[in-house]
Amino acid sequence: VTGPRAAVDASLARAHAVRAGSDGLNAILSSDESHARAEADDLERRRDSRQAGALFGVPVVVKDNIATLRLPTTCGSRILEGYVSPYEATAVARLRAAGAIVVGKTNLDEFAMGSSTEYSAFGPTRNPFDPSLVPGGSSGGSAAAVAAGITRIGLGSETGGSVRQPAAFCGVVGVKPTYGRVSRYGLVAFASSLDQIGVVAAGVGDAAIALEAIAGHDPLDATSATVTIPRYGDAAGDSLRGTVIGVPKEYFPEQLDHRIRAHCLRALEYFRSLGADVREVSLPNTSLAIPVYYIIAPAEASSNLARFDGVRYGLRIAGDGLRGMYEATRSRGFGPEVTRRILLGTYVLSAGYYDAYYRKAMQVRTLIARDFTRLFAAGTDLLFTPTTPTTPFPFGAKSDPYDMYLSDIFTVTANLAGIPAMSLPIGRVDGLPAGGQLLAPAFGERKMFAAAFALERALGGEAHR
Amino acid sequence: VSVSLEEVRRIAALARLELSPERAQVAAGELSTILAHMEVLTEVDTEGVSESLALGVVGPATRVDEGPPVVLHASISAIAPESRDGFFLVPRLATHEDPETTT
Chain R
4 VTGPRAAVDA
14 SLARAHAVRA
24 GSDGLNAILS
34 SDESHARAEA
44 DDLERRRDSR
54 QAGALFGVPV
64 VVKDNIATLR
74 LPTTCGSRIL
84 EGYVSPYEAT
94 AVARLRAAGA
104 IVVGKTNLDE
114 FAMGSSTEYS
124 AFGPTRNPFD
134 PSLVPGGSSG
144 GSAAAVAAGI
154 TRIGLGSETG
164 GSVRQPAAFC
174 GVVGVKPTYG
184 RVSRYGLVAF
194 ASSLDQIGVV
204 AAGVGDAAIA
214 LEAIAGHDPL
224 DATSATVTIP
234 RYGDAAGDSL
244 RGTVIGVPKE
254 YFPEQLDHRI
264 RAHCLRALEY
274 FRSLGADVRE
284 VSLPNTSLAI
294 PVYYIIAPAE
304 ASSNLARFDG
314 VRYGLRIAGD
324 GLRGMYEATR
334 SRGFGPEVTR
344 RILLGTYVLS
354 AGYYDAYYRK
364 AMQVRTLIAR
374 DFTRLFAAGT
384 DLLFTPTTPT
394 TPFPFGAKSD
404 PYDMYLSDIF
414 TVTANLAGIP
424 AMSLPIGRVD
434 GLPAGGQLLA
444 PAFGERKMFA
454 AAFALERALG
464 GEAHR
Chain S
-9 VSVSLEEVRR
1 IAALARLELS
11 PERAQVAAGE
21 LSTILAHMEV
31 LTEVDTEGVS
41 ESLALGVVGP
51 ATRVDEGPPV
61 VLHASISAIA
71 PESRDGFFLV
81 PRLATHEDPE
91 TTT
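Protein chains in written order, with my numbering: chain R, 4 to 468; chain S, -9 to 93.
Treat the hints with care, as some may be off.
Calculated lysine to any residue pairs in the SDA-like style (CA-CA distance at most 25 Å, straight line) [what the hints assert, rightly or not]:
1) Lys401/R with Ser(-8)/S
2) Lys252/R with Ala372/R
3) Lys252/R with Pro287/R
4) Lys401/R with Ala14/S
5) Lys252/R with Ala41/R
6) Lys401/R with Val(-9)/S
7) Lys401/R with Arg13/S
8) Lys252/R with Ser22/S
9) Lys252/R with Asp35/S
10) Lys252/R with Ala380/R
11) Lys252/R with Thr376/R
12) Lys401/R with Val34/S
13) Lys401/R with Asp35/S
14) Lys252/R with Val34/S
15) Lys450/R with Glu257/R
16) Lys450/R with Asp374/R
Not the full set, but computed from the structure, chain R residues with beta-carbon under 7 Å of chain S [what the hints assert, rightly or not]:
17) Ala57
18) Phe59
19) Tyr90
20) Phe255
21) Arg262
22) Ala265
23) Tyr316
24) Leu325
25) Ile345
26) Thr369
27) Asp374
If you're looking for bench data, these hints aren't it; they were derived computationally from the structure. Fair warning: this is a prediction, and the values are worked out from it, not measured in the lab. All C-beta atoms, glycine included, are put in the ideal place defined by N, C-alpha and C.
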């Protein structure tokens, strides 16, 4: 397609095509088609009058926990049903400034709490490869939309793997930048010491352009870093000769699907053939990451979600007095997983349990982060692992909450340590996508992209067979 | 770990959540199961390990403390469940409530 209007028309037509029928994806929660077309026409008219941005006329989708003007921002929750933000997230403003056009808001597990998009109050999203399987989560809507060809770029958010895991399940690229790399202004807070906006994309090049557009300091987010943004797209030309790629043995346990393991080994062979020095390494505290994560994330969530009380925005349900209103609103507004995590978080922060759970988890988090620091300081440039232990699972397969939490076993560590990581397709298992994960030191995205570009090129069609 | 029904009620009250007796019972079981998986942490030696971690940036960024940072594209009345003259309206506090007249 040529030109913004043709691109937007094609994107919307594709969205309609995959929405139809009982097997429809349910990837998009809201969209303003006439506004998207008008924006495209406007860009078309001004094409020559100003410098075209890197994303000129490119349709994008945005996860529904990232604030947009006009379109609702529901977080997949009844408590924010119909809520339209009075301001726009910096990441969205930067995409639009680069010429992108938002064509829809995408489905997610309620408040980004989940690994399958089954916990959305507005119904689950289906996996484009097989409608009986989950797309992963929580950014399942963005991953499914990109995999189905609605757009090449989508925004997601990460707290414990919510971009990388659905990207792996849907056969697309998912990037979780360094903590502080992308402004979180306008991202509805879940766990503030872990949250980061990320990118889902059809290819490594699309991901690089999108990250470059949204990265950088923002005075509206005190955690955003004043660190120079390298040209991630230029990493396509970087050589891997001499790059030390560590393979942490803890990420290749016996339970790992042997076909995913085989795809990882093939990818490592390609890295070797490109001149990389591939070495087995160890991250000894890896097995503690899930318990640590599921103490810290719910603890922070229980505090962040206290703001949803029926007073300032969203749902209000009358109860007995002020307190009754709070309780009625929150109990009916939040779904079961969000309620579970608020209870868990409140428990681990409450008097008598704080030291045993929260304080302990924070200390072990330091140990997990030190594992990475030690390896990177000793000369390991990047790490390579599988993104998930399995391929996409059927709806309802993980009825035990802790079983679902284990889906994040290879991804939560990067969030706990604040380092960047990305997933890219490395092959198929019974026709379903498998993802490989690259991890880098803080603000080492350029090197991570160099390896991703090289592997994508080396695998070629094998990444999708 | 066994979380009692009484503890679940206490936690729910702190979290401003209203749980039905059945839901509270289920929550007690779920929390006990989840917390049992956290027990592994008690065996980790964390003597002298810091509980704070510098992530991403070294120290928080600052900005000049002036003015509202952004212009809002909608008024309070457009997003609040109930408001008047730019103020959010809430039900009266329980201690001030007259059961005959509260809504």
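Self-check item: Distance restraint between Lys401/R and Val(-9)/S, which requires alpha-carbon spacing of 25 Å or less
Solution: Cα-Cα ~22 Å, so holds.
Exercise. Compare the distance between the alpha carbons of Lys401/R and Ala14/S with 25 Å, and conclude whether the hinted pair is satisfied.
Key: holds (21 Å)
Practice problem: Classify the hint on Phe255/R as holds or violated, based on whether any CB of chain S lies nearer than 7 Å to its CB. | Solution: Status violated, d = 20 Å.
Quiz item: How about Ala265/R: closest beta carbon in chain S under 7 Å, or not?
Solution: violated (30 Å)
Practice problem: For the pair we were handed, Lys252/R and Ala380/R, check the Cα-Cα distance against 25 Å. | Solution: Judged against 25 Å, a Cα distance of about 18 Å means the pair holds.
Quiz item: Given Leu325/R was flagged as interface, is its beta-carbon under 7 Å from a beta-carbon of chain S?
Solution: holds (5 Å)
Self-check item: Per-residue hint verdict: Ile345/R, partner chain S, C-beta under 7 Å
Solution: holds (5 Å)
Practice problem: Closer than 7 Å between Cβ atoms is the bar; does Tyr90/R clear it against chain S? Give me holds or violated. | Solution: Hint holds; Tyr90/R Cβ to chain S Cβ min 5 Å, cut 7 Å.
Self-check item: Distance restraint between Lys252/R and Ser22/S, which requires alpha-carbon spacing of 25 Å or less
Solution: violated (31 Å)
Self-check item: Interface hint status, Thr369/R versus chain S (Cβ within 7 Å)
Solution: Since the shortest Cβ distance to chain S is 5 Å, the answer is holds.
Quiz item: When you check the alpha-carbon spacing of Lys252/R and Ala41/R, does it fall within 25 Å?
Solution: violated (52 Å)
Practice problem: Verify the proposed pairing of Lys252/R with Asp35/S, using a straight-line Cα cut of 25 Å. | Solution: holds (22 Å)
When each numbered hint is compared with the structure, violations occur for hints 5, 8, 12, 13, 15, 17, 18, 20, 21, 22 and 27.
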